[in-house]
Amino acid sequence: MIQYLFLALFFVGIYGLLSSKNLIKMLISLNILELGLNLFIISIGYIKGSEAPIITFESITSYVDPLPQALVLTAIVIGFGTTALGLAFIRKIYIDKNSLEMDEIRGGIDD
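So that you can map any letter, position 95 of the sequence shown is 83 in my numbering, and since no number is skipped, the others follow by simple counting.
Calculated directly from the structure, the hints in this document are not laboratory data.
Since this is a predicted model, take the numbers as computed values, not measurements.
Don't take each hint at face value.
What the hints assert, rightly or not - Simulated DEER-style distance windows between Cβ atoms: (1) Ile35 with Leu75: 21 to 31 Å; (2) Ser47 with Ile81: 56 to 66 Å; (3) Val52 with Ser87: 46 to 56 Å; (4) Ile30 with Met90: 57 to 67 Å; (5) Thr44 with Lys9: 47 to 57 Å; (6) Phe45 with Asn10: 47 to 57 Å; (7) Ala40 with Asp84: 41 to 51 Å.
To be verified - Dumping the calculated SDA-like pairs for lysine to any residue here, alpha-carbon to alpha-carbon at most 25 Å: (8) Lys9 with Gly67; (9) Lys85 with Gly95; (10) Lys80 with Ser7; (11) Lys80 with Gly37.
C-beta: ideal position from N, C-alpha, C; glycine also.
Let's have the full structure, built from the sequences with the hints guiding it.
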């Protein structure tokens, strides 16, 4: 079930990037795509019946791999940074071109 969820999020993000002309909608679509990829990475590290990789005095036979969790935490921080930078660029474009539509922005390059 989780495989279908991350595939749906991934393809919704791709569709939004390809079909939208608005810069804000494109940035939101990029965030949805990133969420799908993060969900995929987390699902790779999941092992049913396993415990968190914390060393205790109990005997646990199977641990979940902590690397995908660390990668997703890093990806979340990077995603936050790229979203903030994207919003700053979009704001600058809006101030200069007075539009968020790609067709109008591209048309103003010749001016």
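Results for each hint:
In this structure the hint that Ile35 and Leu75 lie 21 to 31 Å apart at CB is violated, the actual value being about 38 Å. Take Ser47 and Ile81: their Cβ atoms lie about 58 Å apart, and the range 56 to 66 Å holds. For Val52 and Ser87, the Cβ-Cβ distance of about 48 Å falls inside the hinted range of 46 to 56 Å, so the restraint holds. Separated by about 33 Å at the C-beta atoms, Ile30 and Met90 break the suggested range of 57 to 67 Å.
Between Thr44 and Lys9 the beta carbon distance is about 54 Å. The supplied range of 47 to 57 Å therefore holds. The given range of 47 to 57 Å is respected by Phe45 and Asn10, whose C-beta atoms sit roughly 56 Å from each other. For the pair Ala40 and Asp84, the supplied restraint of 41 to 51 Å holds, since their beta-carbon distance comes to about 49 Å. Using a Cα cut-off of 25 Å, the hinted pair Lys9 and Gly67 holds, with the two alpha carbons roughly 21 Å apart.
Distance hint between Lys85 and Gly95 is fulfilled; the C-alpha atoms sit about 10 Å from each other, no more than 25 Å. The hinted pair formed by Lys80 and Ser7 meets the criterion: a straight-line CA distance of about 23 Å does not exceed 25 Å. As the CA atoms of Lys80 and Gly37 are separated by approximately 50 Å, the hinted pair breaks the 25 Å bound.
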